[in-house]
Amino acid sequence: MKKNFYALALITLGLPYTGQGQINAPTTYEPQQRLTDATEAQKTSLPAATQKGNTITYFNDDFSNGLAGMAGNGAWTTAGAQGSLWFQTFPTGTPNGYNPSTPVAGYGDFIANYYGTIASVNSPTNSNGFMFLDADRFNSTRTITSQPVGPNTTSNTLFAELISPVFSLVGATGAVLQYNQSLRICCSGASTVTAGFSTDGGLSYVSFEVFTGSQLVNETLDRQVYLCLNEIVGNTANLTQCRVKFTWEGPQSHYFWQIDDVQVVSNPENDVEIGSTFYDTHAVTFADPATTYLDYYKTLEIQNTPNYLLKPLRIGAVVSATCSSNPQTNVVVSATVTAPGGATQTITTPPISLAAGATDTIYAEATFIDAFPNTGVYTIDYVVGQTETDNRPSNNNGIQRGFTVSDDQTNQGFAIMQNGGISYNGTFNQAFFASDAIINTPFTFPEPQMANSVITHVEAVFLNDEGFAVSNPGDPVYFNVRLGAIGDEIANDPSTITTTVFESDNPLEYEAADLEYIITEEGRWNPDNGFPQVWVGIELPSPILIEPDQIYGAEVRLPVSSFPVAYFPISNSRAEAQTIWLFNFQGDNPGWGSSAGGSTPSIRFRTSSASTVNVITYEAGIKLVQNYPNPFNAQTSIQYQLDENSVARFEVYDLTGKMVYQRNLGTIPALSANTISFDRSDLAAGTYTYSIITNKDRVTRKMTIE
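Under the numbering used here, residues 739 to 1444 are what the sequence shown spells out, in order.
Derived from the structure by calculation, the hints contain no laboratory data. Glycine included, C-beta positions come from ideal geometry on N, C-alpha and C. Treat the hints with care, since some could be wrong.
What the hints assert, rightly or not - Distance windows between CB atoms, simulated:
| # | residue 1 | residue 2 | range |
| --- | --- | --- | --- |
| 1 | G1079 | G844 | 30 to 40 Å |
| 2 | G1140 | S839 | 30 to 40 Å |
| 3 | S1349 | G1079 | 53 to 63 Å |
| 4 | V1398 | N1433 | 15 to 25 Å |
| 5 | N1371 | M1397 | 42 to 52 Å |
| 6 | G1079 | N1267 | 26 to 36 Å |
| 7 | S1349 | R1436 | 15 to 25 Å |
I would like the entire structure built from these sequences, with the hints used as guidance.
Listed below in C-alpha cells is the structure:
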C-alpha cells in the first residue's frame, strides 16, 4: 500500500474538479475541421434526436446490447493496444454479474485483486449491463486460478479506447456529454483517463480529463460526469459526424473503469453548479494583490482548533453557469454547519447574478461558532441555489468540509496550534528533505484570545515506514521559533531579515543543547499502526509571550547526516493552501524557498495560559518571563507584558539592593509582547534581580551572570 502514499505526494492535476463528479471544460478551444454536409445515406444512418420536455437527446446508449450498441445507433468500436479489454458485464452478485475469480476473455484467468473487491457502477440502468475496463486484472502477474489471491501486480502500460458510433448534433447551439462512471486509478500523474468529443467523425478530439484526483487518489469516483460542449458546438459548422471516446492511457494501470448510460443532450436553460468549497478564518486571501504575508498567515486553516482561539469563520464556494443558456439570478450558497451534538446553523452568502457561461466565487462570514462552543467535530455542507428552477439539481451539492474544536484536556494540558491535518498521505521527496535543511511553518495568533498566552513547545512527527521513509534513531534535530516573515526578507535591508528566538546570533546553524531532540525508536510514527500520530519535540528553554500579529515560525533544523534524518507526514485534505519554507544548505546557492499547498509538514506549537507557566511572574497587572539564557555570559533577553497602557522602566539590582542598571521603556501598550535585550556590560559575575516597574506595580525575578 506504499504506492497510495507516494501517489498523493506526487499527484499532478489536469482540469479542475468542480464537485459531484462534474468536470470543467477546457479553458481554450481550437475550432474543429469544418466538413461538408453529410451524404443522404450518412444522414439516414444516424440516430434520430428525441425530445422530452425542454431537453433534446441527440445520442443515448445504456450498453444493454454491449458493444453492438442500442438499436439505431450503430456499434461501438475499440482501439489501442489493449482496446479489446473493454467488455460488457452486469452488477456484482446478480446472475451473470461480474466475478473477479472467473475468466474474462483477453485478460487471463486470474485477478490479483490488489486493492480489494470491485463494486458495480451506480448508474440508473446498471442492471441491463455496463462497460468495464479491469486494469487490475490486466496487471495481474499470475494467470492460474488455483493459486491464492494476493497483492501481486505489475505496472504494464495500458492503452484502451472505447469509441461511439457517429451521431448528429444538427440544429444544436450547445450540448452536454453526460454519463455514469465508477473509476479508480493509481498515480494519476502518470496515467490519463479522458472523455473525448469529436465533430469530424473521429479524426480529432477535444479531450476532457475525467479523473482529477485532488483528494480522491486511490478512492473510487462513482458518479455522473457532466461535460459542457457549448464552445465546441458553437464553433463547428458541420455537426453530422460527432463521436465520443473514452481513453485510458499510461504506465500506471491499476484499478478499473466502468461506464454506463452515455448521453449527449441539449444544454439546460437554467443551471448553476457548485465547484470548490472552502472555509478559512480571515477575510483576505493570498490571491488578493493587496494581501500581505501577515494576512496570509492568518488564513491558515487550523484543523484542531483550541476553543479559546475560535474566530468568525468565512465560508465560500466557486459557482458557475458554465453550460446554462440563460443568465442566473440571485445565486447564493447556503452552508449548513453541524456542531457536535447535532445543532445546526445555516450561513448564506449575499446573492449575485451569473451571466450564461460565467464563473465566480462567493463568500459569507459567520459567527456561528459563538452559538456552538462545543468541542468536537464540526461539518459544513454546501448547496447552491438561484431564482430560476434548476434543470440539473444533481450538481448543486458541494464537497463537505469539516474541522475539530479541542479543549485543553484533549490536548494533554495544552492547546495546540497545528498547521496541518491528521491524515497521513505521503512524505517529502527524499532528495530534498533528507538532511542539511531547515523546515519552517509560519503562524499568527489572533487577538484578543491570545493576549494571556505563551508558546511553550515545538513538536513534529518523524516517520518510520520501513522501505519507504525511515527516520534514524540517534540522529539529532534542533527545534526553534523564528520571528518575522521569510517572504518579506530583502537581502540589503537588515530590518527585514528574520531571526530565531533562541540562539539568535546564529539563526541558521543553531545547535544549542536545549534546542536538541534525539530521534528515538519509540519517538517515530509508523502509519501502519494507525492514529494518533506520535508527536515529539522540545519544551522551549523559555516560554514566548504571544503578541497578536507577530509572525512565529515553528521550525526544525535537520543537520547533515549520512542517513535520511526525518520525514514528515503530509496531508492535502485541508480547505486552504498552506505555506512551508525550506532553507536548503545544499548546492551553490543555499537559501529559502517556499511551497504552498498539500505538502505541509506535521509541525506545531503548543501554547498555554501565561498564568499556568511557573517561569512567568503573573501578578499586579504585569507578566514577566524568566530571562533567557539564564545563566548568561554576555547578553540575555527578557519578555514582559502589561495588562494596561502604562509608562514603564526596567531596573537591575545586585544582592546588596544597589541599583546597577536602569532603562526607561516609555509608554507600553496594553497586551503587547515586549522584549528587552540586556547586555551585562561591566557587571561582575553573580546573582542579580531585575524588575519591570509601572506607575502602579512592580514585578521582580532573579538572573545569574556567569
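Hints versus structure:
For G1079 and G844, the hinted distance range of 30 to 40 Å is not satisfied, since their beta carbons lie about 55 Å from each other. For G1140 and S839, the hinted distance range of 30 to 40 Å is satisfied, since their beta carbons lie about 38 Å from each other. A C-beta distance of roughly 30 Å is found between S1349 and G1079, which places it outside the suggested range of 53 to 63 Å. At roughly 23 Å, the beta-carbon separation of V1398 and N1433 lies within the given 15 to 25 Å, and the hint holds.
With their beta carbons about 22 Å apart, N1371 and M1397 fall outside the hinted range of 42 to 52 Å. In this structure the hint that G1079 and N1267 lie 26 to 36 Å apart at CB holds, the actual value being about 31 Å. Take S1349 and R1436: their Cβ atoms lie about 18 Å apart, and the range 15 to 25 Å holds.
Hint compliance for this structure: hints 1, 3, 5 are not met, and every other hint is.
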